[in-house]
Amino acid sequence: MTDDVQEPEKSLFEAPPIAEQERMVEAILFASSDPVTVAEMAARMPHGADPAEALVYLRRRYEGRGVRVVKVGDAWAIRTAPDLGFLMQKEVVETRKLSRAAIETLAIIAYHQPCTRAEIEEIRGVAVSRGTIDQLLELEWIRFGRRRMTPGRPVTFVVTQSFLDHFGLESARDLPGLKELRAAGLLDNRPMPGLGQGDDEGEDQSGQSEMFED
Amino acid sequence: MTDDVQEPEKSLFEAPPIAEQERMVEAILFASSDPVTVAEMAARMPHGADPAEALVYLRRRYEGRGVRVVKVGDAWAIRTAPDLGFLMQKEVVETRKLSRAAIETLAIIAYHQPCTRAEIEEIRGVAVSRGTIDQLLELEWIRFGRRRMTPGRPVTFVVTQSFLDHFGLESARDLPGLKELRAAGLLDNRPMPGLGQGDDEGEDQSGQSEMFED
Amino acid sequence: MAGPSLFEEDAQSVSDRLQAEALIVDVDGFEGPLDLLLTLSRTQKVDLRRISVLQLAEQYLVFVEKAKKLRIELAADYLVMAAWLAFLKSRLLLPPDPTEDGPSGEELAAHLAFQLERLQAMRESAARLMARDQKGRDFFARGLPEDVQRSRKIHYSATLLDLMQAYARIRTHDEFRPYAFDREHVFTMEQALDRMRGLIGFAGDWTDLVSYLPDGWSADPARRRSATAATFAASLELAKQGHIELRQSDTFAPIAIRRKPQ
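Residue numbers (the working numbering), protein chains in the order written: chain A, 1 to 214; chain B, 1 to 214; chain C, 1 to 262.
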């Protein structure tokens, strides 16, 4: 309601030309160090603007340039071209401090999400220390997902937009080798024969398809 | 200096093509947290590179775009185009209830318009603050009416079309009268804070006892 | 599954045995029994899919035996794994017992092979992930982000009901205006007392009370009532204090007062 008062009436019906919208998206993405969703852009742009369309043009415009327009989950960001990394003053890379356990746990969550702690332990064959999970949560590379609808309703972990941003992934579906792993059945939750873990199975599969297949 | 180690030998003698240098300058300006001088760029870029020349091209490339290459002192930075500054503002709309003083003042103006400030004060029994009137003027719910032809020629206030629109009235005459308010239960004899309850009779008696008690 | 390599441990090369010893010394370096099994499986130098689980079980049990001899304390989960592998080994070696329920040795072995393959796959995936271009190392975000200024716009809400209630409140307020506010038309007893104290000195004779009413209070009925009541009350007060006498010849007859003789 209040927007109507502020916005000139015509903008409700006449969006700015697409070239102008492209400039706006460009300005918004340049101004932010974090990825910005299309919805957020739309909220800041005049009524009737179509940032998704403008993004198509903008992305093409920056192909081969020193910076690129990249998709991060359902958001967009501008990042420097990876071949120019040598020009930059490097940040202290957090991954140095990551233990082998943390890196493996991260990979297991990324490839199996949503993933419970018990499943991580099952895959690694060893208990997951609290500190490992905490470290990944702190880096904001993982977050809590929905609880599993199995006895005890365990929490699950999923990877975040920051994770995708950090590793330059458009989505979790683009994880390296994901398709091959799935084809080889290595992402199946296969219970130990003779153990009554059958209930988990259906749940797991639905969980995976939910994450990866839409 | 450290670049020598990182860069392949040939770059010592052969500078990269100017288009490549332009990409480098673009990436450097994008990723730096402070404006960068030409000397700093040259130090980071391969030997023989000419960031000043690359800047000329880059600057031209960004002409009319959503961001611009600007000079800050003797250094360079990428900044939002000035006409798009509005995109960097996010409006947070907060809904608040109108204060009691404001709503009462507004009600008096609506029922008694045109109405002077002195009249409002007489009806409310308390002074009307300047802020209250200003707020109602700003909301465009009241405006100045004709001056009253009495000594001092006080200004009057009347309600506006916005007021009528907001409250869904065709005219101020559509406001329900006292009888209707009473019928709607809005004029119930609710106790006033600090006053004895009850009807007029009780009121009189308290007045009388006051007369006789000392 | 029962491979010919069952009793080949003695046939291992010296370097293999040294390697096995090193494994034991490094037991703290393993991330659990599955990790150890994965490492041991490498000595078979075959694809994990073709691994001999029986041989692997043997290698693991030998490892645990050696650790015991060297008095190296193994964590409980290594011993649990050893017990399970011993069980698996017996299942793989003995002909299946038709009376016994549960999974066959082959099924269990296949599952262990799956676990190893899966762990290996995750390790490789982790390595590929970490080998990707990373933000802050290979590519960079905007170094000088412009903050989005949050401007607060306050939207005041008021409904017609609010408006009507407010007006009703003011009007109700009027009706309940305390009586005491109407000082203009009220003659108080204090005022009457003050007035009569001044006049009483002259009232040697009986005088009608009405003649003590102040000027300007007789015409308006309301004012007259107030002044009369106040003056009457004041005269009662003065009589009580012994300054005056009162008399009334009959009900509703005029009341007369005079100064009390000393």
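These are computed hints drawn from the structure, not numbers from a lab.
Treat the hints with caution; some may be incorrect.
Claimed, not checked - Taking lysine-lysine and the DSS-like style, the derived pairs with C-alpha atoms no more than 27 Å apart in a straight line are:
id	chain 1	residue 1	chain 2	residue 2
1	B	Lys90	C	Lys260
2	C	Lys45	B	Lys97
3	B	Lys90	A	Lys71
4	C	Lys45	C	Lys66
5	A	Lys179	A	Lys71
6	C	Lys260	C	Lys240
Here is what the structure says about each hint:
Between the alpha carbons of lysine 90(B) and lysine 260(C) the distance comes to roughly 88 Å, so the proposed pair goes past 27 Å and is violated. A C-alpha spacing of about 77 Å is found between lysine 45(C) and lysine 97(B), which places the hinted pair above 27 Å, so the restraint is violated. Between lysine 90(B) and lysine 71(A) the alpha-carbon distance is near 23 Å, which keeps this suggested pair within the 27 Å criterion. Proximity of lysine 45(C) to lysine 66(C) is assessed by CA-CA distance (about 22 Å); at most 27 Å being required, the pair is judged to hold.
With a C-alpha separation of about 20 Å, the suggested pairing of lysine 179(A) with lysine 71(A) holds against the 27 Å cut-off. Pair hint lysine 260(C) plus lysine 240(C) holds up; C-alpha atoms about 11 Å apart against a cutoff of 27 Å.
In this structure, the earlier hints numbered 1 and 2 are contradicted, and the remaining ones agree with it.
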